[in-house]
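With these hints in hand, go ahead and build the complete structure from the sequences.
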Amino acid sequence: LQVEWVDSLQEGIKAANNSRYGLSAGLLSDRDASWQEFIRLIRAGIVNLNRPLTGASGAAPFGGVGASGNYRPGAYYAADYCAYPMASMHSDTVALPATLAPGIEL
Numbered sequence: 202l203q204v205e206w207v208d209s210l211q212e213g214i215k216a217a218n219n220s221r222y223g224l225s226a227g228l229l230s231d232r233d234a235s236w237q238e239f240i241r242l243i244r245a246g247i248v249n250l251n252r253p254l255t256g257a258s259g260a261a262p263f264g265g266v267g268a269s270g271n272y273r274p275g276a277y278y279a280a281d282y283c284a285y286p287m288a289s290m291h292s293d294t295v296a297l298p299a300t301l302a303p304g305i306e307l
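Residue 283 in the working numbering sits at position 82 of the sequence shown, and the numbers go up by one each step.
FYI, nobody ran anything at the bench for these hints, they're computed from the structure. The reader is advised that the hints may include incorrect statements.
Claimed, not checked - Here are the simulated SDA-like cross-link-like pairs (lysine to any residue), alpha carbons at most 25 Å apart as the crow flies:
#1 215 with 225
#2 215 with 241
#3 215 with 292
#4 215 with 229
#5 215 with 267
#6 215 with 291
#7 215 with 233
#8 215 with 289
#9 215 with 251
#10 215 with 234
Structure representation (structure tokens):
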């Protein structure tokens, strides 16, 4: 987990996309325009709105981009795993958990 303070959504997306990794990314917002911009520009395999980044659904594609993905070409079925799949879960409202996860202190 990496937490970095930025002054705008655009700066946050730029900082996140500057990583070698791209497993998951999330946005806490009540603004649909912010979500649309985030999902259009973020470089990650799992992208959630107002939901935790953990506990990805086993029914959705799982992987990532950059050092989080494999991007290995190979024969006829390469298109099945070399595409840029994205799984997403979102909630219409921002809802923080009642208690922090074990080991997290603010």
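For each hint, the structure was consulted:
1. 215 with 225: Within the cut-off at roughly 15 Å; holds.
2. 215 with 241: Holds: residue 215 and residue 241 sit about 12 Å apart, inside 25 Å.
3. 215 with 292: holds (24 Å)
4. 215 with 229: holds (17 Å)
5. 215 with 267: Distance of about 15 Å is within 25 Å: holds.
6. 215 with 291: holds (21 Å)
7. 215 with 233: holds (19 Å)
8. 215 with 289: holds (20 Å)
9. 215 with 251: Measuring from Cα to Cα gives roughly 20 Å; hence the hint holds.
10. 215 with 234: holds (17 Å)
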